[in-house]
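Quick one: dock chain against chain with the hints and give me the complex.
One-letter residues, chain by chain:
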Amino acid sequence: MPEGMIGQSPVRVDGRAKVTGTAHYASDMAVPNPAWAFLVTSAIARGRVTEINEAEARQVSGVLDILTHRNMRGEVQDAGFFAGGGYTSTTMRPLEDDRVHHDGEIVAMVLAETYEQAREGAYRLHVHYAEENPAAGFDAEGAELVSAKDASKGSFEDPAVGDADAALATAAVTVEADYATPTQHHNPIELFTTTASWENGRLTILEGSQYVHGLRNGIAAQLGMDPSLVRVESPFIGGAFGSRGSLTQRTALVAVAARRLRRPVKLVATRDQGFTIATYRAETRQHVKLGADKDGKLVALVHEGVEVTSRPDPYKVAGTQTTCRMYACPNIRTKVSILHADRNTPGFMRSPPEVPYMFALESAMDELAVKLGMDPIELRRVNDTMHEPIKGLPYTSRSLMQCFDRGAEAFGWKQRNPEPRSMRDGDWLVGVGCASTIYPTHLGAATARVTLTPNGHARVQTAAHDIGTGTYTVVAQAAAEGLGLPLEKVVVEMGDSELPPAPVSGGSNVTASVCTVVMQACEQIRARLAAAAQDGPLKGRDPATLRLVDGTLRAPDGTAEPIADAMGRASNGAIEISAENIPKGLPPDSLKKLYQGRQALGAGLEGKEVAMAAFGAEFVEVRVHSRTAEVRVPRLLGAFAAGRIVNPRTARSQLMGGLIWGMGGALLEATEIDQRRARYVNDNIAEYLIAVNADVPKVDVLFVEEEDRQVNPLGIKGLGELGNVGTNAAIANAVFHATGKRVRELPIRIESLL
Amino acid sequence: MTSQPDEGGLGRRGLLGVGAAAPFLAPRQAAAQPAPPSLPLKERPDMTLTLHINGKAHPLTLDPRVTLLDALREHLALTGAKKGCDQGQCGACTVLLDGHRVLSCLTLAAMAEGKEVTTIEGLAGADGALHPMQQAFLDHDAFQCGYCTPGQIMSAIGCVQEGHAEKPEQIREYMSGNLCRCAAYPNIVEAIQAAKPQMGRA
Numbered sequence: 003m004p005e006g007m008i009g010q011s012p013v014r015v016d017g018r019a020k021v022t023g024t025a026h027y028a029s030d031m032a033v034p035n036p037a038w039a040f041l042v043t044s045a046i047a048r049g050r051v052t053e054i055n056e057a058e059a060r061q062v063s064g065v066l067d068i069l070t071h072r073n074m075r076g077e078v079q080d081a082g083f084f085a086g087g088g089y090t091s092t093t094m095r096p097l098e099d100d101r102v103h104h105d106g107e108i109v110a111m112v113l114a115e116t117y118e119q120a121r122e123g124a125y126r127l128h129v130h131y132a133e134e135n136p137a138a139g140f141d142a143e144g145a146e147l148v149s150a151k152d153a154s155k156g157s158f159e160d161p162a163v164g165d166a167d168a169a170l171a172t173a174a175v176t177v178e179a180d181y182a183t184p185t186q187h188h189n190p191i192e193l194f195t196t197t198a199s200w201e202n203g204r205l206t207i208l209e210g211s212q213y214v215h216g217l218r219n220g221i222a223a224q225l226g227m228d229p230s231l232v233r234v235e236s237p238f239i240g241g242a243f244g245s246r247g248s249l250t251q252r253t254a255l256v257a258v259a260a261r262r263l264r265r266p267v268k269l270v271a272t273r274d275q276g277f278t279i280a281t282y283r284a285e286t287r288q289h290v291k292l293g294a295d296k297d298g299k300l301v302a303l304v305h306e307g308v309e310v311t312s313r314p315d316p317y318k319v320a321g322t323q324t325t326c327r328m329y330a331c332p333n334i335r336t337k338v339s340i341l342h343a344d345r346n347t348p349g350f351m352r353s354p355p356e357v358p359y360m361f362a363l364e365s366a367m368d369e370l371a372v373k374l375g376m377d378p379i380e381l382r383r384v385n386d387t388m389h390e391p392i393k394g395l396p397y398t399s400r401s402l403m404q405c406f407d408r409g410a411e412a413f414g415w416k417q418r419n420p421e422p423r424s425m426r427d428g429d430w431l432v433g434v435g436c437a438s439t440i441y442p443t444h445l446g447a448a449t450a451r452v453t454l455t456p457n458g459h460a461r462v463q464t465a466a467h468d469i470g471t472g473t474y475t476v477v478a479q480a481a482a483e484g485l486g487l488p489l490e491k492v493v494v495e496m497g498d499s500e501l502p503p504a505p506v507s508g509g510s511n512v513t514a515s516v517c518t519v520v521m522q523a524c525e526q527i528r529a530r531l532a533a534a535a536q537d538g539p540l541k542g543r544d545p546a547t548l549r550l551v552d553g554t555l556r557a558p559d560g561t562a563e564p565i566a567d568a569m570g571r572a573s574n575g576a577i578e579i580s581a582e583n584i585p586k587g588l589p590p591d592s593l594k595k596l597y598q599g600r601q602a603l604g605a606g607l608e609g610k611e612v613a614m615a616a617f618g619a620e621f622v623e624v625r626v627h628s629r630t631a632e633v634r635v636p637r638l639l640g641a642f643a644a645g646r647i648v649n650p651r652t653a654r655s656q657l658m659g660g661l662i663w664g665m666g667g668a669l670l671e672a673t674e675i676d677q678r679r680a681r682y683v684n685d686n687i688a689e690y691l692i693a694v695n696a697d698v699p700k701v702d703v704l705f706v707e708e709e710d711r712q713v714n715p716l717g718i719k720g721l722g723e724l725g726n727v728g729t730n731a732a733i734a735n736a737v738f739h740a741t742g743k744r745v746r747e748l749p750i751r752i753e754s755l756l
Numbered sequence: 003m004t005s006q007p008d009e010g011g012l013g014r015r016g017l018l019g020v021g022a023a024a025p026f027l028a029p030r031q032a033a034a035q036p037a038p039p040s041l042p043l044k045e046r047p048d049m050t051l052t053l054h055i056n057g058k059a060h061p062l063t064l065d066p067r068v069t070l071l072d073a074l075r076e077h078l079a080l081t082g083a084k085k086g087c088d089q090g091q092c093g094a095c096t097v098l099l100d101g102h103r104v105l106s107c108l109t110l111a112a113m114a115e116g117k118e119v120t121t122i123e124g125l126a127g128a129d130g131a132l133h134p135m136q137q138a139f140l141d142h143d144a145f146q147c148g149y150c151t152p153g154q155i156m157s158a159i160g161c162v163q164e165g166h167a168e169k170p171e172q173i174r175e176y177m178s179g180n181l182c183r184c185a186a187y188p189n190i191v192e193a194i195q196a197a198k199p200q201m202g203r204a
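Heads up: the protein sequence lines correspond to chains A and B, in order. Using the numbering used here, read the first sequence as starting at 3 and increasing by one per residue. Using the numbering used here, read the second sequence as starting at 3 and increasing by one per residue.
Bound conformation, chain B alone (with noise of 0.2 Å):
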């Protein structure tokens, strides 16, 4: 019931992310909110940049408001990284930013400039060979409707690779930022157990 932009704080157990840009949430305007004054709206200007990802370069025109999470869904047609709130609660947008697991609704296309993005499309090898966390959450069923499932997977090599999974509490807790409401918990936790010892060897 928020009817103003959010502050973009964590979400009730989120563990993750760079909470910067929070995105203007639903206008469900107060009812007797009186009429701001009317402001010239002028054309915004756009901006230029690059972004890199999953090793490749994009250059990009784009209104300065436009998120992470959007640049790649709308603009770059990567539409592996999911929008389940875009406000940093449900961890769907989960991708790596030098490595670092990040919430992209929570972060502007902007800040991710200079650094190297990774999302769920740039896991698999040339060949079509699955990274070992695609294969144990393919191998564990750790996912039912699959929509949570690209965050959950960025977020649990993030995971293993932060050294948070060397027992399943400590998996449990570190991955309590991605919602999934099938409820594949228990197999999410035997995956990423599974597939720590091969991402180590890889």
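For reference, chain A alone in the conformation it holds in the complex (with noise of 0.2 Å):
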């Protein structure tokens, strides 16, 4: 049934696909004769390369090209930091000079016939370092401290209203405490790949992206090409999380070996090497501050954040835009600082501002909530506003209350006995646990052709990305839906630079911002059948109520017309239409932005007149052994509100997806820091603990009916980062209820407990 194809849960359009192994990642396409990469880092976090001998490594047998310092110096320029309006993870160029910056830096790349001889080849190479001594992080020697404000020079500034110390002083409950959230990797399971091709100066880069446009301008800044002549493909995506949203080293030194070499080169990085050739999310440090009357009412707020980042890069999350946005209150105060570090560059991951701030903040609320005695949803229901407290600007919807009643209900949250360390179940201790889940609705101008064709099938063409999104699919019901087909007479092509441009697949903004601008295409198709129609038999109706409906052009009273009769009055051939939009709010520049590849989404809770969010309320059960203090969560629920879903199946999915991040985030994840020599300990996923199946409870996801056509004409909230917000603190807050022992620094391990 075509009509109301969005809402339906159609089976993925790649999923067949997937599940035959004939899905071509990037490293899966074929390209003739490839020689093979393979990288050298550094050994050391800071100092200097002082010596590269190469003696060894070019007598293996098959050895090609050794790319270095000394013969790549100047060969990629500078393409601008992502996060100031530019295109590469960080400002440090590949193989630009002496210069170690952090551990695992590419200090060289091998080059040879097979993958096999590369490899030893980089084993035979030998590199020498002069040693500095660096600075890990948070309490090293050497690293240098900055305010947010002073290192944006002007962009940023802190969130503020009223004068929160003062509300402090004053408040009759008060709650203080420090939390922090460690190194996470998001150890996507595709390898970080790259092949790159020449054929007549043009240049072709197969790898998994999540914004082919970007890469492909970014690229050619980098050597100094004209964008037209580089073409990016990554029509499959082995997970990303934010891994793969901006241009990182090794696409230009592979670029530039394929070059040297008149030959594609194909690179396959190492896991270990994953862990400091691409991003991370770094760990924070925070102080929360809540002041509330004696019944719960917030009349203050501080939330203050450091948050580690790369020597050069000033580099944030500033989650403090939106913990500040969470509640009504009439006095806040934030504060985010940088901390410059010999590290590597970190960079998105899934939900990056509210992961790390929003487990401060929803654990202080539960904090207040004991010591005010209160039921910790109360507490989020007497701040519950309509307004954010910066601005007063009014959310579009919000529906966080709803999804707390109905996510409580669900789970038996009245059943609890509120008393810590109360419930017990044989040798383990049982607590429950819930925090709200926030995520910004951010939108991006995007573009893309809609072709008809006079048998009845259609293709869309645009070139954003299914990173297991399930873009595809919802991209797919939204052209059905527009034109009036089956499903599987729409076919979609992405991932290609040469497509019409689309915004980066971050900060869950493609569902709506592809959508809308598909069924933007899909009206001026309809609009151009209705006109032409006045010729047959739906002669003297109103061409704006002309619909397409069931593969037919449908007048309201019924009468109808095969979609082939139609497209035969208005065209000799297909119909093709391209469509642009800027979605409201964004300013006029978003769409020359976007054809430049660069970073511009917009709305979400900053903008000028409206605030546009997604919620949720997730509950979490864990059981805390008496004995071994081990943690185990037999139940994660939340129950989500996100506008419209377009496809209930696979958004269920990233939800359930995102909650059992959310755990492994509170009980697994972190990347070990070897705190003298600033180099990750455990740059694997064997000793980096992901979630397993064996770890996986009984999740429910839930969704709470929300009707918003503010926030885009279709209703549509991204929801791939919201599941993954609330999981750290409803965990922290149901282990405190299960133990009386309140964590506040993640992941929260046995010997958090003891």
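Check each hint, because a few of them may be wrong.
Label pairs and their computed distance ranges (CB to CB) [stated by the list, open to error]:
#	chain 1	residue 1	chain 2	residue 2	range
1	A	G414	B	K169	23 to 33 Å
2	B	G130	A	T455	20 to 30 Å
3	A	P34	B	P170	15 to 25 Å
Don't read these hints as lab results, they were simulated from the structure. Since we're looking at a predicted model, the values are computed, not measured. Glycine included, every Cβ here is placed at the ideal spot set by N, Cα and C.
So this is what it looks like as structure tokens:
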């Protein structure tokens, strides 16, 4: 039933390719006679490369070339830091000089006829260093603390309102605590791979990417080329979570290598290299103060955070911009600082600002509820608001308490005994906890081309990406609805920079941004068919009332003409429409930036007229063993309100995955750092613990209906990053309920509870 | 942070595999590593072998260091099996060797000679009909990005055939060698439960 295709749950249109092994990810795509690249990465975090002895490596059979700073200096130009309007994940240029800026920085690339030979060559390349004392991060000598405001040179202001310190001094009840979150790495299962080939001065890059237009324009800027000579293909992406959103150092090196060798070059970086040649979620330390009256109404909120970054790049996530808008509060002060250390530059990782900062706020809210003797859900209720408190902008919709009420009922929240350590099952202490979740509704300018053929098939072309999010499917659903066709008559092409540009697959914007522009293209097709229909059986009907339904052009009175006939009147062949959209509230230059491949998302919580966000409530049950302090999570439940749900099947999977991510973040995930040498210790996916099947409990996802046509015409709020925001605090709160011990540093492990 | 070839131990909850040939890991040398004595690095002779994959014989000439995974992906264009870690930690490379699931990244191609290799490409029928496990993964949305999926499906078939899919808890335990970063785990368990009776009939 094509009408109302949005809101139905078809199986993924790319699903068959994925279960048969025919979905081709970047390193699966064949190129003729590739040479292989293998990276050599630095063994120190700070210092200089003093000597590179290539003799032994060059003797390895099949070794063709070795790139080092000695032959690469000046080859790769600055393309600008992505967070400053440019393209690259770091301002550190690859193999630019002998300086080592962080552990695992690329110091050489060995090229050979085969993968095995390149690997051996890399192993036999001897790099010598002059090591300097590195600063690993917090508490390290030599790390440099700067306020985010100063680092931003005026582009960032810490949100504030009223006089938080004065209000705290007179508040009836206060809570003050420090929280800490660890370094985490995305670790998508697909490794970081790049294949480059040149033909007649044109460069083709095969690389899993969340932003093919950004990659294309960025690599063109790095190599001093016209972007039209670069093509980036990324039809399938083996997980990203933010790690493939900006241009990392490896891509330009592979491109230069392919140019030097005059043949395609293929790089499959190793898992441990992935920890240092791409980005990560930086560790934070935060300080929160809450003041409330005796009924729990907040009178003051102070939230300060410090985030680690690299030496050169002022990267920050500044989640205070979300936490300050969570609850009604007249007096708010926030401050974000960054700590420059000898580390690789961090970057987006699923819900970048919200995951660390909401952990602190939602833990503090639970602490306040305990101090007040209040149900934590009721504390959220008395502080719920339909206006964000900094500028007083109205939320276009906010169903936070509906989510809590629905979730609480399904979870059985009422059955809990609020007293900590009061619930037990044999040797296991049982606890329950909850927390709010939020994700801002970001939107971006987008373009798409939709073609309707005379026999009633549609092709949608847009350079968006399916990183597992279901984008192929939801875009097909939008076109099927817009053109009144069955889903199987719609083909969607994405993940290719030759296609009309679409925004970065980040910030949970794509479903809203891309479906909106696809629907606009479909509407133009409908209008053209309707205008031409006056010669046929629909003569006399107002063209504005004609709709594409069930393969026909149909009037409200039921008179209909098959789409093939309507097509015959309107066109001699196919109808092809290109549409461009700038979402309401975004600046007019958003489209220009999109064509330049720059990152230009807007709206969310920082709009000028309204605030837009999806909300939810998350509930967990934990069991903590009374003798061993092992923590298990038998139940996770989330109730979410995210506007119109385009495909409940894929949406549920994303939110379920998000809840499990949140659980993993709370209990398992941390990149351990050797504090003396500033090097990552557990840089593999056996020792960097991610949730495995045996860790995963019963997971329930509930959708709370929400109608919001202010966010965009289709009423869509993104939800890819909504699921994993509240979970950390919900688990910490449940652990407190089970044990009476408040853990304020993640992950919560056995040693946290002894 | 490995600077020397790994011992090739099983992963944290690794349940699978033939832990044999550990490939060299990334060459991140220790800072003060003395240069090893310069060796004459002669041509390494290739070997010839025949691999039986999905019912077909493939004669090959390979560097002896080539893993089964790289033989499939880079020499036979069978890219369904995926490289997610190359060290036996993630399970994305899982294939069946004489019907038993193995990690093809920890199996040298030479070790597969004389055995029947089954990959994801060999599951669907000649008419395109999906194997019940493939259909169940599709129906239960048991994947998102799809990268770990071929390994999950091969492992799931192995899990059922071993008799380790009697209860959900058992499936969860015996599927824990296959990581899914998108965390489709509950749907994977449902898919295996749904496919198991169909496989019995097949």
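Exercise for the section: Kindly confirm whether 20 to 30 Å is satisfied by the beta carbon distance between B:G130 and A:T455. Expected result: holds, 25 Å
Handout entry: Status of the given 15 to 25 Å range, CB of B:P170 versus CB of A:P34
Key = violated, 47 Å
Practice task
Could you see if the CB distance from A:G414 to B:K169 stays within 23 to 33 Å?
Solution key: Between A:G414 and B:K169, where Cβ atoms are some 25 Å apart, the hint holds.
In summary, the one numbered hint that this structure violates is 3.
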